[in-house]
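Engineer: Sequence:
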Amino acid sequence: MKKALIIIAAVLFAFTATFSFAATDTQNPQDEAIIGDILVLRPLGVVATIVGSVFYLVGLPFSQGGGNTQSAADTLVVAPATFTFARPVGDF
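Going by my numbering, the sequence shown opens with residue 1, and the numbers climb by one from there.
In case anyone wonders, no lab produced these hints; they're calculated from the structure. Positions of the beta carbon are idealized from the N, C-alpha and C atoms, including for glycine. Check each hint, because a few of them may be wrong.
[What the hints assert, rightly or not] Have a look at the derived ranges for each label pair, beta carbon to beta carbon:
hint : residue 1 : residue 2 : range
1    : Leu39     : Gly65     : 33 to 43 Å
2    : Gly36     : Met1      : 40 to 50 Å
3    : Arg42     : Gln70     : 47 to 57 Å
4    : Pro61     : Leu39     : 36 to 46 Å
5    : Gly66     : Ile35     : 15 to 25 Å
6    : Phe85     : Ala4      : 36 to 46 Å
7    : Phe92     : Ala4      : 31 to 41 Å
8    : Gly65     : Val89     : 36 to 46 Å
9    : Arg87     : Asn28     : 10 to 20 Å
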């Protein structure tokens, strides 16, 4: 019984020391933005670029008829591609 109590106290002490070190560790808030950008926004940007390209191709005959192919391309393809591939990581 005494041995189990000592082991429990040692484990609790180890966790307390670990949490206190974790609390003093300061992270740059930019790190979380970079992680969110890489894991969430970049894949969504790739999907938006692909979907925009499909919509652009489907609407291309109508855009040519109206004379606004460049505007449609900028909105549906270039803007998502620039957001995904041309901006620095973590910069929104």
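Engineer: Out of the numbered hints, which ones does the structure contradict?
Structural biologist: 3, 5, 6 and 7
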